[in-house]
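Visitor: Here the structure of chain A is known, so what remains is to put chains B and C in place on it, guided by the hints.
Chains as they are written, first to last, in my numbering: chain A, 1 to 644; chain B, 1001 to 1269; chain C, 2001 to 2233.
Simulated from the structure, these hints should not be mistaken for lab results.
Here chain B is said to cover these stretches of chain C; the calculated rule only asks that three of the stretch's residues, wherever they fall, bring their Cβ under 8 Å from a Cβ of chain B: (1) 2013-2025; (2) 2181-2193.
Derived lysine-lysine pairs resembling DSS-like cross-links, with alpha carbons at most 27 Å apart: (3) Lys2005(C) <-> Lys1114(B); (4) Lys644(A) <-> Lys301(A); (5) Lys502(A) <-> Lys1052(B); (6) Lys183(A) <-> Lys1142(B); (7) Lys203(A) <-> Lys7(A); (8) Lys1052(B) <-> Lys504(A); (9) Lys1055(B) <-> Lys502(A); (10) Lys620(A) <-> Lys501(A); (11) Lys1055(B) <-> Lys490(A); (12) Lys1055(B) <-> Lys543(A); (13) Lys324(A) <-> Lys302(A); (14) Lys1015(B) <-> Lys2098(C); (15) Lys23(A) <-> Lys1142(B); (16) Lys620(A) <-> Lys502(A); (17) Lys501(A) <-> Lys1052(B); (18) Lys1236(B) <-> Lys2087(C); (19) Lys1055(B) <-> Lys495(A); (20) Lys1236(B) <-> Lys395(A); (21) Lys1023(B) <-> Lys2087(C); (22) Lys543(A) <-> Lys504(A); (23) Lys367(A) <-> Lys1156(B); (24) Lys2087(C) <-> Lys1217(B); (25) Lys2201(C) <-> Lys1156(B); (26) Lys7(A) <-> Lys637(A); (27) Lys1236(B) <-> Lys2098(C).
All values reported here derive from a predicted model rather than from experimental measurement.
Heads up, the beta-carbon is just placed ideally off N, CA and C, and yes, glycines get one too.
Residue strings, one per chain:
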Amino acid sequence: MSKIDLKSGAPEGPLAQKWDSYKANMKLVNPANKRKYNVIVVGTGLAGASAAASLAELGYNVKAFCTHDSARRAHSIAAQGGINAAKSYPNDGDSIWRLFYDTIKGGDYRARESNVYRLAENSVKIIDQCVAQGVPFAREYSGELANRSFGGAQVSRTFYARGQTGQQLLLGAYSALMKEVDKGKVTLFPYREMLDVVMVEGKARGIITRHLHTGEIERHAADLVILCTGGYSRVYYLSTSAMNSNVTATWRAHRRGAFFGNPCYVQIHPTCIPVSGSHQAKLTLMSESLRNDGRVWVPKKKEDCKKDPSQIAEEDRDYYLERKYPSFGNLAPRDIASRAAKEVCDEGRGVGESGKAVYLDFAAAIKRDSESVVREKYGNLFDMYHEITNENPYKNPMRIYPAVHYTMGGLWVDYNLMTNLEGLFCAGEANFSDHGANRLGASALMQGLSDGYFVLPFTVTNYLGTYAQELLKKVETSHPAFEAAEQNVKDGINKMIAVGKKGKRTPSEIHRDLGNVMWEYVGMARTAEGLKVAIEKIAQLQKDFDENMLLNDDQNLNSNLQVAGRLADFLELGALMARDALAREESCGGHFRVESQDEGEAKRDDEKYAHVAAWEYKGKGAEPVRHQEELKFENVKLSVRSYK
Amino acid sequence: MAAHTTSKTINIKLKIWRQESVKDAGRFEQYSLDNVLTNMSFLEMLDVLNEKLLKEGVRPVEFESDCREGICGTCSLMISGQAHGPVRGATTCQLYMRSFENNDTITIEPWRAKAFPVVRDLVTDRRAFDRIQMAGGYTGAKTGPHADANAILVPKDLADRAMDAAACIGCGACVAACPNASASLFTSAKIAQLSLLPQGHPQRKERAIRMVGQMDKEGFGSCSNLQECEAACPKKISIQNIAIMKREYLFAALAANFREGMGSADGGA
Amino acid sequence: MVPLKRLFTSTLGRKYLMGASGFALVLFIVVHLLGNLTLYTGSGDAINTYAAKLDALGIGKLILELGLGLTILLHVVTAIQVTYSSKVARAVQYDAPKSKGGPTKNTVTTRNMIITGLVLLVFIVVHLIQFRFGPKIEDGYTANVSGVMVHDIYRVVVETFLDIKNVIFYVGSMFFLGFHFRHGFWSAFQSLGMLNPRWSKPIYCLGFIIAILLTVGFLFMPIYIYATQGGAQ
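Here chain A stands alone, though its shape is the one from the complex (with noise of 0.2 Å):
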């Protein structure tokens, strides 16, 4: 099989006319055919929602897809913090050209310029867009928007709602999305899931899902197929993800033909409430804009870290962070934050009972603002963290650790955002496309967004209208492609149900052990050795998945025939993942190699590495195939990133 030079077939031109030059130039199709086209959109988070609901203003037929009763609780409600937009209201030096070049490097330079640069033009857009719909965002005294710093940035760019940002833009989309289907220009589909993608002639025409409370499996048809699912971080069985946040749509995407790109890129949340226990199904995210007034610390010597921390004198606490970064201090990116925290607690110095933790601590604040500031700004947070660990942080400081947050690969997308196979569209965290190796805070909302609402509706239709005579050809659900997909998909859930039955380990116990080996040998630093083991293990559970499995038979609402379906896509993208961070021998953002690094800091391998990885699947058990896109940088220097 010989190895495909994938291109992403931006415009060429100024980087700051690609996107107005591809508009400009894309083929349109006519408000009176419009109402001819039918579109699949799979997922109803930011992505999803906004996209549907943009798609279906411009009139097209929009069948939306969701596992959920309401598109509302897509996992984008519980993103906290914010999200980035170069207004620069605050009058401190922002652009377009700046977040652009904060993106990039902050995704250590292994992403798009172009995809990146059309990211910080909508930015500006998505904001006005989510005010138009009420959305409640943070204002001044004056009527105006509030902004807060993130990470990784100097200037205040974040817009937001709270710590429930995520929650009201994904509501704006959703309430958006339902003014379309009270038009009856959408569809909604609640309580189903995507387990295939149907190719007709080359071209994605249609999904098959099963009801999740009739169990009923179901064709769906139309001229192109959207996915928006989100992110896999569940592969590590405990994240901050929501327990049934999925892999499934795009890995049967995958199965049919789409490339998956960066598998391996990571993003390891610095400030989660750590681990309590083997029972814990779900880890819980402190947003990261509580950095912006705590300070992160360890004790300098290990013989204090079972200490009261109001014992501990101010000269014997290690600001590791301030110290290390002195320019950026506590809001050093999100991957170098983490690895820090790793490595303190690798020496010895971490904190709780289980010495994985370090300490988040609001006294100066506190001391400098009061307490009802800090309760204005992060009320809920501490409320939330109250509750979790029963500990109040307006008086110890709180106890963070590392955890999986967020996936920057996803299946591999052009600068259509559509993957190698026509027709199929992927958007938001379930694409490869905009973060790079890491992503900044308060860009995953950005990218879902400008996705939904200021891309896919300009891409679609080009590719409507590129495609028109063929597309305008329907296909019927009686196809023979949709029969096979339906078989294919039935056999999968009947052979899950009979060795169900026979079998001694349950789904969740397998999961946890997939979670365990990910954590372990595809977490924060990988060597070359551990990931060969991970892939033996994952070998091991791949076994138990075939062969002992247990499982109720219900065939209808059965929770545990849903964690079993999802976990065998997730074994198999584990496996990928551990390949795909074994074939890229450098560190770069969140993919740290403890073979590639300078004094402790990531090294990047520009002259080997400077590609996207797009895997092809081959079959199961087969060796996938490692495809590349070489990433040009005519924009940005290649340096070191530094946040020193």
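Guide: Using the frame of chain A, we list chains B and C on its own:
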């Protein structure tokens, strides 16, 4: 210090509502669970129970949850007669076993309302909320260029009050806790948010009429001003919003004719 | 007239009617109490004069009575509708529902306004039979006030409250009035959308104070009569 690291264990009895489907009659089943860590969340306790049941060949208890950090509104559960359990301002997923004592019997029921039919066990169908939202719970703003965000000035106190209302997570605890199964708090939170912000003003009359109309159509009960919804709301949303909704609806109902069906026109433009 | 139809058919509309009729009844009860305070003068002259002045309104009095009757009817009918729709909305009850405390006003009496209301309805019927449709001038209940012969309503009152059963019934009913009023007064403001956070508590307190004054004011009348007119002997 460090209360959460010193977890103890308790033994509990569970009385859980089991129901095959909306068509079947339900019943309570008793289970006991020993050595439950008090720093477990309530839902993790149910996870443990379900693993045990699965291994014993009993169909696990179906319940809903997703984000497990109190924001998605997926989890529900009436816990010993209280929506989301005994802790105010928290969802079931934010409830920890330290709220219970050794040998407690905990009763777990689904939300009960005609408008929220039981799907199975503790899972109910809450799509009625979506249909209320659909009936005008939005501004008409389409995707596209809009005036600069700072062109619309919103006084901070109004923005804050709108945010207080917008914090609703749509879990349905208000309905579950209300002795009348009224959805007034849910419906009013959205109406209030959009009536407080200038962006919501162009369609405020239609919105009030249609959303209230849909709420009634779904079969929710009437508000008797008992404020139990606010007590049960995990986001402590105030019944002040209900007063706003009543005002909005009254003015809209008494207003001169306006065009109804805010969403019905120009769909294919 | 679609707008008016909404007022009678929507859940919110019904509560407007409940609230508005409630306010009207509050007004009536307060005036009624003020009128009845004349009883405490110790002789029948004051109340008989007051009654005579009302009688002198002629058709006006009839219209007022009719209006009052219709207001009560509206209040009761909407209450029954509201209660019924709520019962339907929660067909299956919880095992043992428990209030979550905090700001809640969910208590036995607030939850059962329909019960306290129906008790008051029974009271009203009895009260009307005993007084409005009780012994008349023709039955010899006459009094002479400043040389004019009027209906001796005072005698009716005294005779009624010489019976301990009536005293107990009246006193008991007034507790129901108190409970009904305590939630009802504030609730009417809320139902009509007239509350904001700043006024909510003061109005609840005001309702509470008026409820106590009304209850006590009415409650002592039968006892006072019973005690001072020899019923206790």
